[in-house]
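Colleague: For reference, the chains in residue letters:
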Amino acid sequence: ILNVEQSPQSLHVQEGDSTNFTCSFPSSNFYALHWYRWETAKSPEALFVMTLNGDEKKKGRISATLNTKEGYSYLYIKGSQPEDSATYLCASYNTDKLIFGTGTRLQVFP
Amino acid sequence: NAGVTQTPKFQVLKTGQSMTLQCAQDMNHEYMSWYRQDPGMGLRLIHYSVGAGITDQGEVPNGYNVSRSTTEDFPLRLLSAAPSQTSVYFCASSFSLRYTEAFFGQGTRLTVV
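Protein chains in written order, with this note's numbering: chain V, 1 to 110; chain E, 1 to 113.
Since the hints were derived computationally from the structure, they do not count as laboratory data. Quantities reported herein were computed from a predicted structural model and do not represent experimental measurements. Don't be surprised by glycine CBs; every beta carbon is placed ideally from N, CA and C. Worth double-checking, as some hints may not be accurate.
Unchecked claim - Across the chosen pairs, the derived CB separations fall in these ranges: (1) V:N3 x E:T5: 31 to 39 Å; (2) E:E59 x V:S18: 40 to 48 Å; (3) E:R98 x V:N3: 16 to 24 Å; (4) V:E39 x E:I54: 20 to 28 Å; (5) V:E83 x E:G51: 32 to 40 Å; (6) E:G53 x V:Q81: 40 to 48 Å; (7) E:E30 x V:G54: 27 to 35 Å; (8) V:V13 x E:P8: 19 to 27 Å; (9) E:N28 x V:D96: 14 to 22 Å; (10) V:N29 x E:T5: 41 to 49 Å.
Unchecked claim - Reference excerpt, derived from the structure (chain V facing chain E, CB under 10 Å, subset only): (11) V4; (12) Q6; (13) Y36; (14) K42; (15) V49; (16) E70; (17) T87; (18) Y93; (19) L98; (20) I99; (21) G101.
Claimed, not checked - Heads up, simulated DSSO-like pairs for lysine-lysine below, C-alpha to C-alpha not over 27 Å straight-line: (22) V:K78 x V:K57; (23) E:K9 x V:K97; (24) V:K97 x E:K14.
From just these sequences and the hints, can you work out the full model?
Modeller: Pasting the structure below:
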């Protein structure tokens, strides 16, 4: 079973701050890396699916990078807003299994 | 489109009872899976299916059975509920996890007393 790790576990930032989180995953037999946003009392919703080394994806103020050779991905949020408060999950896809990390809980204070 | 539909949303069971959590998707996705969410442990994969008639175990399969007789449906059966199975359960489906995202149902909160 894959070991997907995320750091930090939680993060508190002020509105307007930029922030980033890390996802580490096994680099062998890599297929894809997923990022999801999970608001309290809702279901996880996809942000990005990344497959190639060096991939960079962007959606509004959120972007992500991927390094498959060393087994890590970064998620960046530029100019955090209170509505960005959520848990951010990464997941590694390998041999038919999508395995999640435990997430980074972000709280943005006005 | 309804997407991924889970029923029920809430359930209380007594220890030893059995029940089935239902999951249906209308997106013609081949891949379906079940996760459980426990505090501090994120989402853990219980069972998954890559197509009708094919199922396999995930990270935490003990105490659960699944079947996939149609593309649309992927029920999760608890054979003899235990308090350790108190959790929130999510069903997810995808066209291809290698290239596209998973879509999640709204979750089932199960309490075993």
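Colleague: Against the structure shown, which of the earlier numbered hints fail to hold, in ascending order?
Modeller: 2, 4, 8, 10, 16 and 24
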